[in-house]
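Q: Could you build the full structure based on these sequences and the hints that come with them?
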Amino acid sequence: MNAPLEKPRENPGPEADTRDAGAHALEVRDLAKAYGDTGVVNGLSFAIPRGTCFGLLGPNGAGKTTTLRMCLGLIEPDAGSIRLLDHAVPTDARTARARVGVVPQQDNIDPDFTVEENLLVYARYFGMTGKQARERIPYLLDFANLESKRDARIQTLSGGMKRRLTLARALVNDPDLVFLDEPTTGLDPQARHLIWERLRRLMNAGKTLLLTTHFMDEAERLCDTLAIIDHGRKIAEGSPRELIAEHIEPEVVEIYGDGAVAWMQSLGDRATQLANRIEQSGETVFAYTRDPALLMEDLGHRHDLRYMHRPANLEDVFIKLTGRELRD
Amino acid sequence: MHYDTSFPAFSTRFIPVWRRNFLVWKKLAGSSILGNIADPMISLMAFGFGLGSLLPSVGGVPYIQFLAAGTVCMSTMNAATFESLYSAFSRMHVQRTWDGIMNAPVSLEDVVLGELTWAASKAFLSGLAIMIVVWIMGLAGGPQSALVLGVVVLVGVTFSAIGLVVNALAHAYDTFTYYFTLVVTPMAFVSGVFFPVAQLPAWLRAISEFLPLSHAVALARPLLLGQWPQAPLLHIAVLLLYTVVAAYVAIVLTRRRLLS
Numbered sequence: 325m326n327a328p329l330e331k332p333r334e335n336p337g338p339e340a341d342t343r344d345a346g347a348h349a350l351e352v353r354d355l356a357k358a359y360g361d362t363g364v365v366n367g368l369s370f371a372i373p374r375g376t377c378f379g380l381l382g383p384n385g386a387g388k389t390t391t392l393r394m395c396l397g398l399i400e401p402d403a404g405s406i407r408l409l410d411h412a413v414p415t416d417a418r419t420a421r422a423r424v425g426v427v428p429q430q431d432n433i434d435p436d437f438t439v440e441e442n443l444l445v446y447a448r449y450f451g452m453t454g455k456q457a458r459e460r461i462p463y464l465l466d467f468a469n470l471e472s473k474r475d476a477r478i479q480t481l482s483g484g485m486k487r488r489l490t491l492a493r494a495l496v497n498d499p500d501l502v503f504l505d506e507p508t509t510g511l512d513p514q515a516r517h518l519i520w521e522r523l524r525r526l527m528n529a530g531k532t533l534l535l536t537t538h539f540m541d542e543a544e545r546l547c548d549t550l551a552i553i554d555h556g557r558k559i560a561e562g563s564p565r566e567l568i569a570e571h572i573e574p575e576v577v578e579i580y581g582d583g584a585v586a587w588m589q590s591l592g593d594r595a596t597q598l599a600n601r602i603e604q605s606g607e608t609v610f611a612y613t614r615d616p617a618l619l620m621e622d623l624g625h626r627h628d629l630r631y632m633h634r635p636a637n638l639e640d641v642f643i644k645l646t647g648r649e650l651r652d
Numbered sequence: 041m042h043y044d045t046s047f048p049a050f051s052t053r054f055i056p057v058w059r060r061n062f063l064v065w066k067k068l069a070g071s072s073i074l075g076n077i078a079d080p081m082i083s084l085m086a087f088g089f090g091l092g093s094l095l096p097s098v099g100g101v102p103y104i105q106f107l108a109a110g111t112v113c114m115s116t117m118n119a120a121t122f123e124s125l126y127s128a129f130s131r132m133h134v135q136r137t138w139d140g141i142m143n144a145p146v147s148l149e150d151v152v153l154g155e156l157t158w159a160a161s162k163a164f165l166s167g168l169a170i171m172i173v174v175w176i177m178g179l180a181g182g183p184q185s186a187l188v189l190g191v192v193v194l195v196g197v198t199f200s201a202i203g204l205v206v207n208a209l210a211h212a213y214d215t216f217t218y219y220f221t222l223v224v225t226p227m228a229f230v231s232g233v234f235f236p237v238a239q240l241p242a243w244l245r246a247i248s249e250f251l252p253l254s255h256a257v258a259l260a261r262p263l264l265l266g267q268w269p270q271a272p273l274l275h276i277a278v279l280l281l282y283t284v285v286a287a288y289v290a291i292v293l294t295r296r297r298l299l300s
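One line per chain: the protein sequences are Y and P, in this order.
Be aware that the first sequence starts at 325, since it is given in our numbering, and climbs by one per residue.
Be aware that the second sequence starts at 41, since it is given in our numbering, and climbs by one per residue.
Watch out, some of these pointers could steer you wrong.
What the hints assert, rightly or not - A partial selection of chain Y residues facing chain P, derived with a Cβ cut-off under 10 Å: (1) 398; (2) 421; (3) 436.
Bear in mind the hints are in silico, worked out from the structure with no lab data behind them.
Yeah, the Cβ is synthetic: ideal placement off N, Cα and C, and Gly gets one too.
A: Here is the structure:
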């Protein structure tokens with residue numbers, strides 16, 4: 325495997341310092357949390373301007389969920405400061421949470437209740453009266469496309485419906501900021517598209533979103549800004565386009581199938597002429613390049629190889645920055 | 041391991057937690073009430089009349105009258121324990137209902153307090169049902185028997201708090217079998233539920249004096265028979281002490297479990 329020709333950019337540092345407090349829905353500075361000797365979050369800083377969607381991307385175990393839980397005041401950080409909707413967290417977390425909605429990674433809808441009862445009971449946790457809740461519920465059911473399921477038991481709902489109910493539940497208090505921890509994991513494409521459409525509606529309504537996800541297409545679609553974190557550190561931050569422009573060659577050719585690896589090994593010195601960077605993952609060879617003409621011509625003579633030429637995407641950036649090894 | 045031992049800050053947000061459980065209970069009230077009441081009632085009748093017919097008076101009264109106060113206390117204890125173990129564990133660990141609640145502006149203290157008051161409420165219902173049977177059957181001795189309901193409240197709160205400590209430590213439902221087999225059931229036998237504590241060997245009697253159920257029975261039995269307990273303040277103080285300490289420990293342990 326060839327080493328990348330470019331060095332990853334150094335940690336951009338706590339830019340949050342220079343930003344105006346009231347303009348941000350959430351500001352996190354130098355956040356740290358360790359369990360025993362293992363640092364899960366190691367000096368993480370970011371700030372989310374109001375009305376934008378911010379993505380927190382990282383491999384399993386990168387510290388995403390721990391960060392979210394610290395931001396909600398559910399875990400006390402070892403160091404650092406958090407301001408959530410202008411309240412200090414964890415000190416004032418309960419007050420701040422009154423204006424926040426949460427879609428957790430694991431559905432925890434109440435299985436003992438119907439769809440409507442779930443919303444009603446959850447509204448009471450925010451101090452809403454039954455009357456206030458009943459006024460809000462029709463809007464929530466409409467938003468989640470669950471009007472016909474108002475009296476349905478939870479066991480009868482599909483995975484997508486449960487997820488939509490969880491989203492509706494998170495909006496019961498008309499929050500300013502919504503935390504979404506892997507909101508579409510395990511959903512089929514139709515269900516994902518519906519969730520995305522609803523999240524865009526929330527953004528149009530001026531809500532701020534904090535999203536964690538493994539799906540790069542999801543992040544690319546929804547996020548204004550995203551931070552890639554690994555081992556509890558931020559390793560890159562920017563808009564999806566900026567990240568792609570900054571960290572990766574604009575074009576990618578994937579070569580796969582039987583002869584791909586042998587072809588790569590046969591390149592020798594020519595490799596640097598054909599592509600800026602060539603990587604192997606299993607039986608697939610990834611060639612990252614600014615100008616694919618020579619490479620495509622070369623491959624044109626090889627009818628035994630299968631290949632695909634495409635623009636670079638966020639997943640390429642993610643893999644470049646966090647590596648190809650499995651994270652279990 | 042880090043323990044957050046700060047003093048619990050309760051708020052009225054425990055009420056919606058209580059109401060959540062009440063709403064679920066309302067939907068299944070029929071079978072729940074039947075289970076809570078039929079079981080202790082059958083054993084009161086069976087032991088009281090069946091065994092009672094073989095016994096001379098116990099503690100100066102027919103055995104079923106003696107047994108009545110013990111049954112009230114024991115089934116209140118069992119109801120509180122069951123709810124704060126199995127049911128609370130389902131909500132905390134299996135369904136993750138507590139996690140959902142704590143994403144709203146409800147603190148862990150309020151969740152625990154909501155569960156404690158709920159388990160005590162269900163326990164009260166159990167104790168009340170048996171007292172109604174006791175009154176209908178004419179087993180109660182005088183107006184003091186109404187005060188047994190006060191004891192029922194105390195017993196419910198005490199054992200709910202203790203149950204929530206066990207809940208915070210449990211790995212799976214199996215843990216609760218140990219607690220029932222090694223703690224709850226033996227306690228009933230040495231706390232004067234079925235026979236006077238005086239029948240116990242001295243060393244067991246000494247242990248018995250520290251058990252919350254003994255103090256509950258020592259309060260409830262004379263009241264049910266229309267008499268006044270000998271040291272009511274001591275018994276009440278012991279039960280309150282158990283409640284306060286157990287509730288605090290339950291909160292500290294649950295914080296460690298869910299918030300770290």
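Q: All hints, please: hold or fail.
A: Evaluated hints:
1. 398: Nearest chain P Cβ about 6 Å off; hint holds.
2. 421: holds, 4 Å
3. 436: holds, 4 Å
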